[in-house]
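*Asks:* Each chain, letter by letter, is given below.
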Amino acid sequence: ETGVTQTPRHLVMGMTNKKSLKCEQHLGHNAMYWYKQSAKKPLELMFVYNFKEQTENNSVPSRFSPECPNSSHLFLHLHTLQPEDSALYLCASSQELGTGGLTDTQYFGPGTRLTVL
Amino acid sequence: AQSVAQPEDQVNVAEGNPLTVKCTYSVSGNPYLFWYVQYPNRGLQFLLKYITGDNLVKGSYGFEAEFNKSQTSFHLKKPSALVSDSALYFCAVSSNDYKLSFGAGTTVTVRA
Numbered sequence: 001e002t003g004v005t006q007t008p009r010h011l012v013m014g015m016t017n018k019k020s021l022k023c024e025q026h027l028g029h030n031a032m033y034w035y036k037q038s039a040k041k042p043l044e045l046m047f048v049y050n051f052k053e054q055t056e057n058n059s060v061p062s063r064f065s066p067e068c069p070n071s072s073h074l075f076l077h078l079h080t081l082q083p084e085d086s087a088l089y090l091c092a093s094s095q096e097l098g099t100g101g102l103t104d105t106q107y108f109g110p111g112t113r114l115t116v117l
Numbered sequence: 001a002q003s004v005a006q007p008e009d010q011v012n013v014a015e016g017n018p019l020t021v022k023c024t025y026s027v028s029g030n031p032y033l034f035w036y037v038q039y040p041n042r043g044l045q046f047l048l049k050y051i052t053g054d055n056l057v058k059g060s061y062g063f064e065a066e067f068n069k070s071q072t073s074f075h076l077k078k079p080s081a082l083v084s085d086s087a088l089y090f091c092a093v094s095s096n097d098y099k100l101s102f103g104a105g106t107t108v109t110v111r112a
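Which chain is which? The protein sequence lines are S and L, in order. For reference, each letter of the first sequence is one residue, going 1 to 117 in our numbering. For reference, each letter of the second sequence is one residue, going 1 to 112 in our numbering.
Since the hints were derived computationally from the structure, they do not count as laboratory data. Just so we're clear, the structure is a prediction, and the values are computed from it rather than from any experiment. The beta-carbon is built from N, C-alpha and C at its ideal position, and this holds for glycine as well. You can trust all of the hints, since none of them are fake.
Listed next, the in silico PhoX-like pairs over lysine-lysine satisfying Cα-Cα at most 20 angstroms (straight line):
{"no.": "1", "chain 1": "S", "residue 1": "Lys41", "chain 2": "L", "residue 2": "Lys99"}
{"no.": "2", "chain 1": "S", "residue 1": "Lys40", "chain 2": "L", "residue 2": "Lys22"}
{"no.": "3", "chain 1": "S", "residue 1": "Lys36", "chain 2": "L", "residue 2": "Lys99"}
{"no.": "4", "chain 1": "L", "residue 1": "Lys58", "chain 2": "L", "residue 2": "Lys77"}
{"no.": "5", "chain 1": "S", "residue 1": "Lys19", "chain 2": "S", "residue 2": "Lys36"}
{"no.": "6", "chain 1": "L", "residue 1": "Lys69", "chain 2": "L", "residue 2": "Lys58"}
{"no.": "7", "chain 1": "L", "residue 1": "Lys69", "chain 2": "L", "residue 2": "Lys22"}
{"no.": "8", "chain 1": "L", "residue 1": "Lys22", "chain 2": "L", "residue 2": "Lys77"}
{"no.": "9", "chain 1": "S", "residue 1": "Lys36", "chain 2": "S", "residue 2": "Lys22"}
{"no.": "10", "chain 1": "L", "residue 1": "Lys58", "chain 2": "L", "residue 2": "Lys22"}
{"no.": "11", "chain 1": "S", "residue 1": "Lys36", "chain 2": "S", "residue 2": "Lys18"}
{"no.": "12", "chain 1": "L", "residue 1": "Lys22", "chain 2": "S", "residue 2": "Lys41"}
{"no.": "13", "chain 1": "S", "residue 1": "Lys22", "chain 2": "S", "residue 2": "Lys52"}
{"no.": "14", "chain 1": "S", "residue 1": "Lys52", "chain 2": "L", "residue 2": "Lys99"}
Computed far set for chain L versus chain S, every beta-carbon distance over 10 angstroms:
{"no.": "15", "residue": "Pro7"}
{"no.": "16", "residue": "Gly16"}
{"no.": "17", "residue": "Ser84"}
Have a look at the derived ranges for each label pair, beta carbon to beta carbon:
{"no.": "18", "chain 1": "L", "residue 1": "Thr107", "chain 2": "S", "residue 2": "His79", "range": "31 to 39 angstroms"}
{"no.": "19", "chain 1": "L", "residue 1": "Thr52", "chain 2": "S", "residue 2": "Lys52", "range": "27 to 35 angstroms"}
{"no.": "20", "chain 1": "S", "residue 1": "Thr16", "chain 2": "L", "residue 2": "Thr52", "range": "45 to 53 angstroms"}
Next comes chain S alone, as it looks inside the complex (with noise of 0.2 angstroms):
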């Protein structure tokens, strides 16, 4: 195990439902990311957070909504969503936001397998 949990490890949900992502590190990092895999395609960086504060949207729709209360958790918010949103959502801490050397590994959790019907 990294030390990075994810629940739930899947979910499958409606276009009009909402729900919630939950991530937790024990690693005493400071930054946090949400990445989303889809098949055949490389990661997307969607959030980052770091020491609470957001420094990324890398351009996601409003319909997902990032919240960040303390370092060690990370929450994605969902709704409304659309079938193309399927994918496997991965959480990633990291020391600090760093330019570079031991401080820039970041630690991934197994992911939401989420399905939007």
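Starting from the structure of chain S, add chain L where the hints point.
*Replies:* Relative to the frame of chain S, chain L by itself:
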């Protein structure tokens, strides 16, 4: 802009044979290069990284990678592959910030 290319979607090798997974990168500035592995229904696991120094980097599970600046490559290697090495491998690059650009991944199958 930065990017990574993994030219092979799939690599198939026999157990005990050498394994190579190719990666080339494009970045302005100094590259920071990473390899991750993903087993079925799991997240990405960090294998190794190159920041500076020796061009040959040793990582977890007997893997190593060689940084070649002139060829802008960072190929992953293992001298003797195991069936348990069968997984999806990702190369990633960053340059002077936290944003990692990932390749599309290479599926490695090691047959017994």
